[in-house]
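Top to bottom, those sequences are chains A and B. Using the numbering used here, read the first sequence as starting at 1 and increasing by one per residue. Using the numbering used here, read the second sequence as starting at 1001 and increasing by one per residue.
Cβ-to-Cβ under 8 Å is the rule here; a few derived chain B residues that face chain A: (1) Ala1088; (2) Leu1105; (3) Asn1106.
Chain A residues, not near chain B, derived (Cβ > 10 Å throughout): (4) Ile36; (5) Phe73; (6) Arg138; (7) Met153; (8) Ser171; (9) Leu221.
Simulated from the structure, these hints should not be mistaken for lab results. C-beta: ideal position from N, C-alpha, C; glycine also.
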Amino acid sequence: MFGIGKKKAYTGLSRGTRIVRSLTLIIPSIVMVIMIIIALFANLGWIGLPDVGLAPHDPNSTNPRDKLLPPSFIEGGKSDYFLGTDRLGRDIFSRVLYGARVSLSVSLIVILITAVIGTILGILSGYKGGRTDAFIMRVTDVALSFPALLLAMLLWVAIGPGYWTVVLALSILGWAGYARMIRGESLRIRESDFVAQAQVVGASTWRIMFRHIFPNIVNSLIVIMTLQVGMMILAEAALSFLGLGITAPTPSWGSIVADGRSQLDRAWWISAFPGICIGLVVMAGNFLGDWIRDKLDPRLRQL
Amino acid sequence: MSNIVLQVENLHTSFFTRAGEVKAIDGVSFYVREGETFGIVGESGCGKSVTGLSILRLLPEPAGQVTEGKIILEGKNLLELSKKEMRAYRGKMISMILQDPMTSLNPVYTVGDQIAESVRLHQDLPENMVEAEVVSALRLLRIPDPEMRIKEYPFQLSGGMRQRVVGAIAMSCRPRLLIADEPTTALDATIQAQYIALFEDIQAKTNVAIIFITHDFGVVSRICDRVGVMYAGKILETAPTREIFKAPKHPYTAALINSVPQLDKKDEKLFSIEGQPPSLLNLPPGCRFYPRCTVSMDICKEQEPPEVKLDDNHSVSCWRVK
Chain A
1 MFGIGKKKAY
11 TGLSRGTRIV
21 RSLTLIIPSI
31 VMVIMIIIAL
41 FANLGWIGLP
51 DVGLAPHDPN
61 STNPRDKLLP
71 PSFIEGGKSD
81 YFLGTDRLGR
91 DIFSRVLYGA
101 RVSLSVSLIV
111 ILITAVIGTI
121 LGILSGYKGG
131 RTDAFIMRVT
141 DVALSFPALL
151 LAMLLWVAIG
161 PGYWTVVLAL
171 SILGWAGYAR
181 MIRGESLRIR
191 ESDFVAQAQV
201 VGASTWRIMF
211 RHIFPNIVNS
221 LIVIMTLQVG
231 MMILAEAALS
241 FLGLGITAPT
251 PSWGSIVADG
261 RSQLDRAWWI
271 SAFPGICIGL
281 VVMAGNFLGD
291 WIRDKLDPRL
301 RQL
Chain B
1001 MSNIVLQVEN
1011 LHTSFFTRAG
1021 EVKAIDGVSF
1031 YVREGETFGI
1041 VGESGCGKSV
1051 TGLSILRLLP
1061 EPAGQVTEGK
1071 IILEGKNLLE
1081 LSKKEMRAYR
1091 GKMISMILQD
1101 PMTSLNPVYT
1111 VGDQIAESVR
1121 LHQDLPENMV
1131 EAEVVSALRL
1141 LRIPDPEMRI
1151 KEYPFQLSGG
1161 MRQRVVGAIA
1171 MSCRPRLLIA
1181 DEPTTALDAT
1191 IQAQYIALFE
1201 DIQAKTNVAI
1211 IFITHDFGVV
1221 SRICDRVGVM
1231 YAGKILETAP
1241 TREIFKAPKH
1251 PYTAALINSV
1261 PQLDKKDEKL
1271 FSIEGQPPSL
1281 LNLPPGCRFY
1291 PRCTVSMDIC
1301 KEQEPPEVKL
1311 DDNHSVSCWR
1321 VK
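Please take these sequences and the hints and turn them into a complete structure.
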């Protein structure tokens, strides 16, 4: 998969090492793909198809008679509820499936927004230098040092809780990391002779920034974006866990974990399964990010 | 006599640093004619490259600034142009070849794309004619198989080939003036000779005026028609190449020519000039070469020598020359 077969031809790595290496790519990829499929196909109603899907139940429908049932593979569980139910009798399996949708989409949207803003400001800062740079970097410092929780609370008060409040809260501060990293890269590339060459042939500032500098930082950008998948899912889960995120009854992994907190002693399954999902996705994101970083490393690429 | 393409008059360029004003160029005047190659020779840090950047107005602002003088390209003073007008001049009227061919190409674009960028920026051509222009620019630089080369990336080319591609970018819009900033320094001796021959060929075909910046008198003797010898921000002597080699008038020029290794003088220690160039931060009064000059007089210490015109083409700034 993905050029690993080619690598076999010329690396002197032992068979065992190769297998372990390919597993660190294959397993995270499979986890990611499964999670994305779950998020997309929890139900099909949202793309205008008949309302069927992977989720056996409506995630928000309550069944007082079936409350706090353990998973079906444990004694006392009902086959109808694969991962058990919470204190309102809602199906945990369905809630986790729907929760994937919220968690993944929030992190994806936030990553896109922050990457775009951070990249533009970072290149501008690195290439222009001088006052522009000083200004953008001071704003970045503020964004990096501002407590994210405080901001989330302020937004929660100011515009009320909800999906877009979470996105906003994570985006307002999240671009700063990108801006700082991209600025560093741009500073380095600005000194390259090919940028001087572009100036010599009369290219404009914007043209140099986005035609000449940007393509040379795409590699690093992709790496941080991938590594951010895990970070953002964790951040969203943390906000939802604290009640600053997605509002009930809409499930997100963080809010399901929070729901189960009070029943942890008698119904561990409520918090455990969404927790495992968070862990898996975060790990998969980090492994994939590392793998992409190694692949795109110019020193490795020239071999 | 053919037309003067570029006339630089009394150019002053300074860098304003925390330590004070560094006068990188301190009153430089010269001109280049159509189809002529003017060499600027001098040691590192004497202001050769800054002269080139000043003409293109690509000094690292706001630290570096032209403080005085005129740069007249075909009747237009470049220092009076707006930024946008200047950008239209770059690449189209004036072009530059940078020193290091290994890094002056963008690794993410093909050779063809990079030449086409300059063509598209300055000529309003339909897309199918852009490629023809690109191919003809590569032909001009005698790059074999141009149709194949345009699809290659810089890393697929050798150093010499990359330097030709850089040349093709510079010449793609057939500029009137080409500034070559040590284009041969990074090349080895055989490729260097080829590249210089190539310059002569290009000049014969396009009649472009060339400013050739170098520290290598050997290269000067092969390509330049006239030379200006620069020292600490000033041109000390300007003369036709043949004349300067036969009878250098300034002691610095003589010393520089003396320090070129020669094949027929074996086993002799190579001549070198004692001392260091003066700091440009606070130049001493008098002649700037005085501290290192072997034939200095009392007056050299106190007063800066005026420029003396020996004839139309030869001028020197030295108290010894009357």
